[in-house]
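Chains A and B supply the protein sequences, listed in that same order.
Numbering-wise, our numbering puts 162 at position 162 of the first sequence, and it's gapless, one number per residue.
Add 1000 to the 1-based position in the second sequence for our numbering, that's all there is to it.
Please keep in mind that the hints were generated in silico from the structure rather than gathered at the bench.
Any given hint could turn out to be false.
As the list claims (entries may be wrong) - If you want a taste of the chain A side facing chain B, the calculated C-beta under 7 angstroms gives, among others:
no.: 1; residue: Leu-181
no.: 2; residue: Glu-186
no.: 3; residue: Val-190
no.: 4; residue: Arg-198
no.: 5; residue: Pro-202
no.: 6; residue: Arg-275
no.: 7; residue: Trp-279
Values in this document were obtained by computation on a predicted structure and should not be read as measured data.
Where is the CB? At the ideal position from N, CA and C, for every residue including glycine.
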Amino acid sequence: MGLSGFDHHDRAGSGALDAAAALRRQAPQRLRAALGSRPVAAVRSFVVVLGVWWGLSLWNANPIQLPAPPAVFAALANVASDGELLENAMISTGRLALSLVIAVAMAVPLGFWMGMSRRAHAYIDPVVEMLRPISGIAWIPLALFIFGVGDTLPVFIMTYVAFFPLLLNTIAGVRGVSRRLVQAAETMGVSRAAIVRRVIMPAALPSIVVGFRLAFAGAWAAIVAAELIGAPSGLGFAIEWYRQLLMTPKIFAYIMAIGFVGYVCDQLLQGLQRRLTPWTDRSRG
Amino acid sequence: MSAASAREATPKLRFTAVAKEFVAPRTGKRTLAVTDVGLSIEAGEFVCVVGPSGCGKSTIMNLVAGLDAPTSGTITMDGRPIAGPGADRGVMFQDYALYPWLTVSQNIGFGLENGTPGRGLSRAERDARVRHFVELVRLKGAEDKFPHQLSGGMCQRVALARLLANGPDVLLMDEPLGALDAQTRLILQVELLRIWGETAPRAERKTAIFITHDIEEAVFLADRVVVMGTGPGRIRAILPIDLPRPREEGTRADPRFAALTKQVWELIRDDAYQAIG
Ligand SMILES: Nc1ncnc2c1ncn2[C@@H]1O[C@H](COP(=O)(O)OP(=O)(O)OP(=O)(O)O)[C@@H](O)[C@H]1O
Ligand SMILES: [Mg+2]
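Extracted from the complex, chain B is given alone in its bound form:
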């Protein structure tokens, strides 16, 4: 009981006055990518981040992943500052980061084979896991192809399968479904919610940060939508999405769905127009 309340007390992830400034190595030119980011994410929460291009979404994801350190402010996970990358926070990169010398299966199994996620699993268990996720992202038949033989959408699905196969506690996804056709996208949204733990009790769910450009996708998936703005990148608004779970096709017909979508769009519209000039 006390453990449970302690868990509720410390959020899974907490950003306190986070800013990130990039300094170009030669010219010394400074770019303030994000500033003044304050946000708490509870364990088991699904948070979507939307915002115009260049507002610092990928930057924030890199900070949580531990691949970059904030210039000022702190990010804690379970109350401890993030010190570096680790398999507890799985990342799906915007540019996929697939290994060109490995086949689809080998890419999906890379973490299981070489990293901590595969510890304690037998060969057969690893193979079964890889096969499971190959089928989940509908890549059966392409297992032995190399990334350069795949379409963009197929590469994206390999990257997603690799993330999920590692089974991280925190899922960090940078536009994970952006290159997919509309149908595959809808199917994988539902699958993703299932893997995240939509039908499980809240305590068993993973924590997810999902970056997307698609407002409807954000509203469909999220517990909360974080709307970011540019110049410099900062959080403009945080919108709770109180649509019932599990979400399914019917969710999109809900009048509240349309209202929330409209609300998010209005929040980013000005920035979006500015971004395209």
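Bound conformation, chain A alone:
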């Protein structure tokens, strides 16, 4: 009652004055909304982290262990401007992309087979379960003997790491396909092959896409270790290079770059996920 009375009074006022008053009333709300928005919240968190970091570096007073933020940002600007950061980032993401392509090409068809055939599952699953707990990093020394230092080693390690989440999510996706949806297709005279293509594949896709994001996250985490030891280039190699030169600010610059590239890729993948499987996004009207 009270609210509607106020409204009525408001509308009765003269137009221009009214609009100005409305604006004044809205202003603090808008400011509050802007302060609470995501970018602002992110900046706020960064400021806090930066403050703590600076404090710690002053207290520690050992720039080899922990340089102050200005030194790191100067190093970042340095490696960024002379192009080596971009070059190494391109090399690493290129390896990542290649590994993910290989992992998808192997894990997804295998996952479909294992998901649809009990027999295949019974044969292959024990091997998978035995290999899966072994970290990709454990294979690096052996891979060094086999592949030596070069492109192959990090690609092999990342493919290995990406393979399992993709495989397991594909199997789960295929097995989780509603029987009802397959039956419905059967009553419409859809052939076996078309059921796989038109029902099982799309029904399993959301789970496979989730597997792909997990595969990416795992592979990106493993790349540093792989390149640290087994590659003559890339972001991981750069960290190791500057460690030997005792240039900690540049190490930090590369660590930040790894975090940043990973974040950007994950955002891209989330966008891809929304595009590929819009029906799983229940929040959108």
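Chain A is already provided as a structure; the job is to place chain B with the ligands on it using the hints.
Positioned in the frame of chain A, the structure of chain B with the ligands alone reads:
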């Protein structure tokens, strides 16, 4: 002439002493869903099945669809045992079974696009067919929505349109209008009778099995109402509905309509009370 009499001799669908028992895969627990089902359905007949929840209506529909096999007894279609699912028997499932990754139009056109019903149709003909049934179930404007963006009643209409768009010879419908508002329901009952072939000569009609909880709906639509009971599921009675066709609004005012409705209710009342405890 001889072909016609042969057709009359073999019913479209014949159930002989059909029983279906489910065995739970892990525990081995047995559930006798239906037993002792004997029924012949003529080509062009509209049969409604009513009965309390859990009496085996969906089970019987799955058996006719070929999605399940009877534990004992036989079901034949045109004299041949049912061997598996096929597009000659279209099914509308109780839970709709819509494809969540497809839009309304794509769901309705799924069978035309990927199954046998679309054979020999050009792209334009398929599209026209889909559009026709979108309009029939009053979903114009929602064609490009996904199932999760629809209300329950809208999903049900998509499922009905998909069934009808495939144009099967035998229509198997599991509570196809149950989620609709009363007005839409009455409109679609009449439309359904038209598509089934109410105004066509008997030989051109489709064969329909229509499961419903609504007794008036059953009496309004059916040539015969099959009343089922529980414990275990079986046929309790089969009631011929001799109301004139085409049925229309006036049919409900017919005193025979009221009498038949009452008769069906009396047949299932005891079971219905038992079912709710
Ligand atoms: N796959 C199954 N496994 C075990 N029991 C089942 C299975 N399907 C159905 N049943 C049992 O068979 C009986 C009949 O089920 P059905 O789904 O045919 O009932 P209904 O008449 O369609 O009921 P409603 O009106 O609620 O849909 C029930 O007791 C049910 O528990
Ligand atoms: Mg049912």
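A:Glu-186 was flagged as interface toward chain B. Is the shortest Cβ-Cβ separation under 7 angstroms? holds, 4 angstroms
Report holds or violated for the interface hint on A:Arg-198, using the least CB-CB distance to chain B and a cut-off of 7 angstroms. holds, 5 angstroms
Does the closest beta carbon of chain B sit nearer than 7 angstroms to the beta carbon of A:Leu-181? holds, 6 angstroms
Quick check on the hint: A:Pro-202 CB to chain B CB, less than 7 angstroms? holds, 4 angstroms
Against chain B, with CB atoms and a cut of 7 angstroms, does the hint on A:Arg-275 hold up? violated, 12 angstroms
With a cut-off of 7 angstroms on the beta carbons, see whether A:Val-190 makes it to chain B. Hint on A:Val-190: holds, closest Cβ of chain B at ~4 angstroms, below 7 angstroms.
So, A:Trp-279 near chain B? Judge it on the closest CB pair being under 7 angstroms. holds, 5 angstroms
In this structure, the one hint that does not hold is number 6.
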